[in-house]
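From first to last, the protein sequence lines are chains A and B. When the letters of the first sequence are read in order and numbered with this note's numbering, they come out as residues 1 to 116. When the letters of the second sequence are read in order and numbered with this note's numbering, they come out as residues 117 to 229.
These are calculated hints, taken from the structure and not from any lab test. A quick note: this is a predicted structure, and the numbers were derived from the prediction, not measured. One thing to keep in mind: the hints can contain errors.
Footprint (simulated), chain A over chain B, 3 or more residues, beta carbon under 8 angstroms [unchecked claim]: (1) 156 to 167; (2) 172 to 186.
Taking lysine-lysine pairs in the BS3-like style, the calculated list, with each CA pair at most 30 angstroms apart, reads [stated by the list, open to error]: (3) A:Lys57 to A:Lys9; (4) B:Lys221 to A:Lys9; (5) A:Lys57 to B:Lys221; (6) B:Lys170 to B:Lys121; (7) B:Lys187 to A:Lys57.
Virtual Cβ for every residue (Gly too), placed ideally from N, Cα, C.
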Amino acid sequence: NAGVTQTPKFQVLKTGQSMTLQCAQDMNHNSMYWYRQDPGMGLRLIYYSASEGTTDKGEVPNGYNVSRLNKREFSLRLESAAPSQTSVYFCASANAHGGGSGNTIYFGEGSWLTVV
Amino acid sequence: DQQVKQNSPSLSVQEGRISILNCDYTNSMFDYFLWYKKYPAEGPTFLISISSIKDKNEDGRFTVFLNKSAKHLSLHIVPSQPGDSAVYFCAASARGGADGLTFGKGTHLIIQP
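Chain B on its own, in the form it takes in the complex (with noise of 0.2 angstroms):
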């Protein structure tokens, strides 16, 4: 039973636009949650991350967006550049984490000129 979901393989945004990838989770535990960007051939790379006492976190063009009641967060990219293009890994943990992160399958953005 998958606990960390990104239903949507991929998404195509124009560049300039607004990217949305979203995230939904099914374990209540959970506690903190992360976005991952990873191209081709690379280990994944950290993004922005948000606490559940939080609903907001932002970091220059990167938003994160946590709605507890739906167990629902979404990452937004504005504007959306060409260097945005690589896959992003939604992942959550609980009790600090220390046995390691749930990831979602992953959601390939790719920016079109």
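Chain A extracted, bound-state conformation (with noise of 0.2 angstroms):
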């Protein structure tokens, strides 16, 4: 019942330093997405990737890269830590058809970080 997986859990770091948020489903799930979410904010997408090989921006893309390494991880790189990105880290998988079918995606248990 492993589902999303992604650590670590909790993580405090130093404005510069760099640090990756790692991701993996078991799910057989195409699609695989990263979000943030801040207090009053709500969920916003950073970056996701639609299938193995591809990975494009979301909402709020600055100060992140991704990887898809293959069908199951997904990982979160911040190069340079910055006190705005303290927030808690979300990733997801889902298995999108596109097409108007219906997305449900499923969460991972989230990563807070803060940057000092």
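Put the two chains together into one complex, using the hints given.
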């Protein structure tokens, strides 16, 4: 029953440091996503990968990079962390088929990142 | 510009009564709508969804209503239980949603005993 697994769960970084958030899903989903959640802002899409080998920017991509390593894994990298990137990060996956057939996204448990 | 709006940041309902959470959207390309429930320190979990070809979908105590002409959907929880206390997010997607969901800011539902 693993679903979507993301690591680490908690991390404190100093401004300017780099780090990578790892995510893996075991549901054989085609699409994977990284969201961030900030107080009063809901969930905002950072980057997504509609299928293995493709990645695209979401609503708030600045300061991040992603890698779709294979069908299972989708990592999010902060090259030079800033205090504005203090947030809760959620990885998610879905079997998106397109054409209005609907898309239920399943989320991981979250990674709490603090940049000081 | 917010495409999915939940105008009530919080809602307090007595246990056993009906909880009604509202959501409005502006993008007419949205064709699939979902509700997620989130407890503190956990990821959002899928609750119920509705396609734009329907106006109602029911699953146990949860019913989602869609009014396309008004670009409005609502989630009804009957009867409300203490375990329903959580933040509820409305979300929408277009064209199958391979490019992700657009979320509202959430409504914190508090069920009072």
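Verification of the hints:
1. Only when three residues or more bring their CB closer than 8 angstroms to a CB of chain A does the claim for the region 156 to 167 of chain B stand; here the count is 8, and the claim holds.
2. Counting residues of the region 172 to 186 of chain B whose beta carbon lies closer than 8 angstroms to any beta carbon of chain A gives 0, which falls short of the minimum of three for the stated coverage.
3. A threshold of 30 angstroms between alpha carbons decides the hint, and for lysine 57 of chain A with lysine 9 of chain A the separation of about 24 angstroms falls inside it, so the pair holds.
4. Between the alpha carbons of lysine 221 of chain B and lysine 9 of chain A the distance comes to roughly 23 angstroms, so the proposed pair stays at or under 30 angstroms and holds.
5. For the hint pairing lysine 57 of chain A with lysine 221 of chain B, the CA-to-CA distance comes to about 20 angstroms; that is within 30 angstroms, so the pair holds.
6. Of the supplied pair hints, the one linking lysine 170 of chain B and lysine 121 of chain B holds, its CA atoms being roughly 21 angstroms apart against a limit of 30 angstroms.
7. Only pairs whose Cα atoms come within 30 angstroms are accepted, and lysine 187 of chain B paired with lysine 57 of chain A is accepted, the gap being roughly 27 angstroms.
Checked against the numbered hints listed earlier, the structure breaks hint 2 alone; every other hint is satisfied.
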